[in-house]
Amino acid sequence: MGVSYLIRSLRRDERHADVEYGKYLSDMIKQTIESTYSSEQTCHFPILDPFDSSITKFIQHPEPLRCHFKQPKFTFTKLNKVYIDKELAQKFQLEKLTYRTFLRANGSDSSVLLGTWKIFDDVVDLKGSNGIVVRGRYNGSFTYSNVHASVVPKFRKSIANYSKIRPSVLIIGIDSISRSNAVRNLPQSYRYLMDELGGWEMRGYAKIDDNTFPNILALLTGYKVNVKTSELPLNPARDFVDEWPFIWKNFSQQGYTTLLAGKPCL
373 MGVSYLIRSL RRDERHADVE YGKYLSDMIK QTIESTYSSE QTCHFPILDP FDSSITKFIQ
433 HPEPLRCHFK QPKFTFTKLN KVYIDKELAQ KFQLEKLTYR TFLRANGSDS SVLLGTWKIF
493 DDVVDLKGSN GIVVRGRYNG SFTYSNVHAS VVPKFRKSIA NYSKIRPSVL IIGIDSISRS
553 NAVRNLPQSY RYLMDELGGW EMRGYAKIDD NTFPNILALL TGYKVNVKTS ELPLNPARDF
613 VDEWPFIWKN FSQQGYTTLL AGKPCL
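Each residue of the sequence shown is one higher than the last, beginning at 373 in my numbering.
Any given hint could turn out to be false.
Unchecked claim - Distance windows between CB atoms, simulated:
no.	residue 1	residue 2	range
1	D494	N553	25 to 33 Å
2	I580	R507	44 to 52 Å
3	S561	S517	21 to 29 Å
4	W620	N502	12 to 20 Å
5	L451	E603	37 to 45 Å
6	N553	S624	27 to 35 Å
As the list claims (entries may be wrong) - Derived SDA-like pairs: lysine to any residue, alpha-carbon spacing no greater than 20 Å straight-line:
no.	residue 1	residue 2
7	K468	V496
8	K596	D567
9	K635	P586
10	K445	S513
11	K499	A521
12	K621	P586
13	K635	S522
14	K579	Q560
For the record, the hints were derived by calculation from the structure and aren't laboratory data. Backbone N, C-alpha and C define an ideal beta-carbon position, used for all residues, glycine too.
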């Protein structure tokens with residue numbers, strides 16, 4: 373009973389901390405309503421209070437998700453090389469660790485070229501591949517597997533002629549959730565993005581169509597884009613759109629290596 377009570381107490385404390393941070397956000401939002409927009413701005417979006425009394429009665433918080441242990445993290449990536457955690461490997465009796473490289477097939481979005489399996493010694497350099505697949509055994513009978521990806525620049529540019537101030541830029545979008553809902557239900561993620569990473573919240577970003585494609589394309593290109601009508605050439609239903617003016621091309625022209633990645637819905 374004591375252990376059970378302790379776990380539930382911790383969960384209450386976690387939720388209490390989330391709610392307290394939410395109240396802090398609410399106060400901060402209220403304080404910035406008047407200062408958010410200048411008189412020169414055409415569009416003034418309402419700054420909604422995520423914890424307004426009209427909505428709080430509908431808010432429900434499920435128990436926190438507790439992830440079960442899957443496997444030890446025997447291998448890890450650092451500076452485009454993959455290493456073995458020797459302490460974990462010894463603790464869990466890791467053996468028969470092998471790897472093989474994979475490389476994206478030319479002109480294909482779904483096919484890869486796989487290399488032959490090789491013995492994984494101390495370190496594997498990811499140069500020349502898109503990553504490696506790792507497999508092995510531990511504790512006598514359990515299978516370990518992992519994938520370590522690598523970013524391979526298509527075109528190498530000298531950065532000597534570019535500005536010395538070159539911040540890394542990360543754009544994160546969470547689909548099918550409003551800003552207010554994110555503040556209420558993802559307070560720890562919101563806190564990390566805003567307080568730890570110093571993120572910039574795009575309060576003027578609003579839904580303009582029915583699904584992800586036209587909404588994200590407006591952000592990434594600055595143009596209205598959908599299947600029926602478009603301010604850009606090419607029909608996305610049947611044509612490749614590599615020539616569209618995506619915002620990352622501005623960075624590529626300045627010597628940046630760019631990457632677009634998406635995680636499927638769970």
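Each hint, compared with the structure:
1. D494 with N553: 25 to 33 Å: At 46 Å between Cβs, range violated.
2. I580 with R507: 44 to 52 Å: 46 Å, holds
3. S561 with S517: 21 to 29 Å: 28 Å, holds
4. W620 with N502: 12 to 20 Å: Cβ of W620 to Cβ of N502: about 18 Å, so the range 12 to 20 Å holds.
5. L451 with E603: 37 to 45 Å: This hint holds: roughly 42 Å between Cβ atoms.
6. N553 with S624: 27 to 35 Å: Holds - the Cβ-Cβ distance for N553 and S624, about 34 Å, lies within 27 to 35 Å.
7. K468 with V496: 15 Å, holds
8. K596 with D567: Outside the cut-off at roughly 32 Å; violated.
9. K635 with P586: 18 Å, holds
10. K445 with S513: 17 Å, holds
11. K499 with A521: OK: K499 and A521 at ~11 Å, within 20 Å.
12. K621 with P586: 19 Å, holds
13. K635 with S522: Since the Cα atoms of K635 and S522 sit roughly 17 Å apart, the hinted pair holds (cutoff 20 Å).
14. K579 with Q560: 24 Å, violated
Going through the hint list in order, the structure does not satisfy hints 1, 8 and 14.
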